[in-house]
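Student: The primary structure of each chain is shown beneath.
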Amino acid sequence: VNTFATMPPKSFEVKPKLDESGSSIGELLEISMGPHHPSTHGVFRMDVVLDGEKVVKLKPVCGYLHRNHEKIGENISYLASMPYTDRLDYFCSMTNNWAYALTIEKLAGLAVPERAEYIRVIMAELTRLQNHTSLIGFFVHDMGALGTPLMYAFREREKILDLFEEVSGARMMCNYMRFGGVRVDVNDDWIARTKQLVANYGGFLDEFETFLNQNEILLARTQGVSPLTKEQAINASLTGPLLRAAGVNYDVRKVDKYGIYSRFDFKVPLGEHGDLYDRYMMRVLEMRESIKILNQALRDIPAGLVMDPKAKLRGFRPKPGEVYGRVESPKGELGFYIISDGGPNPYRYRVRPPSFINITILEDMCLGHRVADVIVILGSVDIVLGEVDR
Amino acid sequence: LETLEQIKLRIESALPLTKLDILPNECPAGERSLVLDASRGLDVAKFLRDDAQLKLDYCSNVTGIDWPEAKIKTKVKKKVVVEGVEKEVEETIETLRSGHLEVVYHLYSMELKHGPIVLRMRTANRTDQTHLPSLTPVWRGAEFQEREIYDLYGVIFDGHPDLRRILMWDEFVGFPMRRDYVAPDDFEYEPTPHDEVLVEAKKHYPVEVKAEVKPEVKA
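From first to last, the protein sequence lines stand for chains B and D. Each residue of the first sequence is one higher than the one before, starting from 1 at the first, in my numbering. Each residue of the second sequence is one higher than the one before, starting from 1 at the first, in my numbering.
Calculated from the structure, these hints are not laboratory results. One should not assume that every hint holds.
For lysine to any residue, the following SDA-like pairs were computed, each having C-alpha atoms within a straight-line distance of at most 25 angstroms [said to hold, decoys possible]:
id : chain 1 : residue 1 : chain 2 : residue 2
1  : D       : Lys73     : D       : Gly99
2  : B       : Lys71     : D       : Lys71
3  : B       : Lys71     : D       : Ala70
4  : B       : Lys57     : D       : Trp169
5  : B       : Lys159    : B       : Tyr90
6  : B       : Lys57     : D       : Val80
7  : B       : Lys257    : D       : Arg165
8  : D       : Lys71     : B       : Gly342
9  : B       : Lys59     : D       : His160
Some chain B residues well away from chain D (every beta-carbon gap over 10 angstroms; in silico) [to be verified]:
id : residue
10 : Gly144
11 : Arg157
12 : Ala199
13 : Leu238
14 : Met281
15 : Gly304
16 : Val323
Computed from a predicted structure; not experimentally measured. Backbone N, C-alpha and C define an ideal beta-carbon position, used for all residues, glycine too.
Chain B extracted, bound-state conformation:
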């Protein structure tokens, strides 16, 4: 039965601009922003209706990179999904790995050795550093600061990716974590160099902040633009820096205390207005907190195994049941929902993609603003299309 016969897709409604007496005083312009446009951060399209330069309607159109990741996950074994999770949010493969590993560990009741927990925290916070750094680069790039800040950001990001590559063999597609630990150990030399990088990172952030925080153009383009209230943000299931910029104190690292986050001393930065400037500052402040966590983790990391010797990776068949596990990825709450029927592959494999859900109220964020702001607003949401489209 074709159910679509009963429910035709609604067309995109555009009403002509009328004055009080009902006569036409102009035309609304419907334009398609994207899909091939550098500001959309991938293959993403927005159907925008403009009244002059003002946005009166905006519908995000996604799915250009859709490959039905979830269906693939249902047809391959539990372990084989691990490298696929790298491709979701290809900026943050380490946190994707962790979210998936955490969920399977919750499902099968696996323990993770101490050293592996520390390595996971180090990797996740390094991921957060490089994601937020490059996001700020893209963000100011979207505002017209072409090239230079982005190159500064990428210079720093590349230093972190070099560390990832050394450990896992790949810059971005790390495929590093496993259920019950991590794939390979890190050596003392690596830890020493990571300490060095973290020690230098504060200086780089100082430099970045000096250039950007009081920058006249950045202030003009971001302050008061697209403010979100707490209620709006919560109701629309916003997560991550966007939610905290609106002043909601909700960080999965603090709420769930997954892994060993309860041992570290760090704060959750909160914004006041939820506007673009707050979202920018959220990223900067979160990086400062990440540096704090990294310093503690690199100082306290114990010696020992990095993999539970009892963990069985190949031919892994968890008992029937279902589980939802989540972590705080740099984009927001990344969750995995797995149903096991006792077989070698999951019965249901679901990814809760933060960047997909964060664009739910993209329209509300953009309404009433200029078309040039749409690009900056989308930049502040921080989407990665590998995750939006899955």
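Starting from the known structure of chain B, arrange chain D on it as the hints suggest.
Tutor: Coordinates of chain D only, in the frame set by chain B:
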């Protein structure tokens, strides 16, 4: 947070005529879930969001599951008397599970920082009665996720503000996440100028050029 039984009792006393079931979960760390009667879904959702003790203001994850018609085998231990001696025998019972689609909501409270409460709603079947109430009026965050379920599973959400396909293109027929979906084997077929296409194209050439066209020699 209260236990699921307490929540169930409170919902049933606050909203008369509501039937709820608790679905067990064999996984030790996993959460049990509340199965709602679809007709009362919206009321229960509003209750869960607005109740002072629960305040489940954050709908984290919405997803669909396809359960096709299947024979479920369950093993039951039974006492049988064989030749005067009582013995325990394992017996396999086959039950028929009717096919249905299921939608799962994971709810948390951002204000009280607890959760998750897992809500489930089921359609009557997988073919013509696939309507469920949309919870987007209660939690805006469900909007795109419900569109995705509509797109990939074919659940029709009544009361959804903008129910269109979101990941697949509008003209697509079928629901790719269903268990029995078979992808067409010529999915990526693109006519390229070879073989039969070339022969077809010859019809359109002028007569004098037609004589010069030779079939491509494969290397």
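Student: Evaluate each hint against the coordinates.
Tutor: Tested hints:
For the hint pairing D:Lys73 with D:Gly99, the CA-to-CA distance comes to about 16 angstroms; that is within 25 angstroms, so the pair holds. Only pairs whose Cα atoms come within 25 angstroms are accepted, and B:Lys71 paired with D:Lys71 is accepted, the gap being roughly 23 angstroms. Taken as a hint, the B:Lys71 and D:Ala70 pair is honoured in the structure, with Cα atoms around 20 angstroms apart against an allowance of 25 angstroms. Using a Cα cut-off of 25 angstroms, the hinted pair B:Lys57 and D:Trp169 holds, with the two alpha carbons roughly 21 angstroms apart.
Of the supplied pair hints, the one linking B:Lys159 and B:Tyr90 holds, its CA atoms being roughly 17 angstroms apart against a limit of 25 angstroms. A hinted pair counts as satisfied when its Cα atoms are at most 25 angstroms apart, and B:Lys57 with D:Val80 does not qualify at roughly 71 angstroms. With a C-alpha separation of about 37 angstroms, the suggested pairing of B:Lys257 with D:Arg165 is violated against the 25 angstroms cut-off. Restraint check for D:Lys71 and B:Gly342: satisfied, since their Cα atoms lie roughly 16 angstroms apart, inside the 25 angstroms limit.
A distance of roughly 15 angstroms separates the Cα atoms of B:Lys59 and D:His160; the hinted pair therefore holds under the 25 angstroms criterion. For B:Gly144, the shortest C-beta to C-beta distance to chain D comes to about 30 angstroms, beyond the 10 angstroms cut-off, and the non-interface label holds. B:Arg157, annotated as away from the interface, keeps every beta carbon of chain D farther than 10 angstroms; the closest lies near 29 angstroms. At roughly 34 angstroms, the least C-beta separation between B:Ala199 and chain D is larger than 10 angstroms, which holds for a residue marked as non-interface.
Its closest Cβ contact with chain D, about 8 angstroms, brings B:Leu238 to no more than 10 angstroms, contrary to its assignment away from the interface. Distance to chain D confirms B:Met281 as a non-interface residue, since its nearest Cβ pair spans about 21 angstroms, more than 10 angstroms. The Cβ of B:Gly304 lies farther than 10 angstroms from every Cβ of chain D, with a closest approach of about 24 angstroms, so its non-interface assignment holds. Residue placement check: B:Val323 does not keep its beta carbon more than 10 angstroms from all beta carbons of chain D (closest about 4 angstroms).
Checked against the numbered hints above, the structure breaks hints 6, 7, 13, 16 and satisfies the rest.
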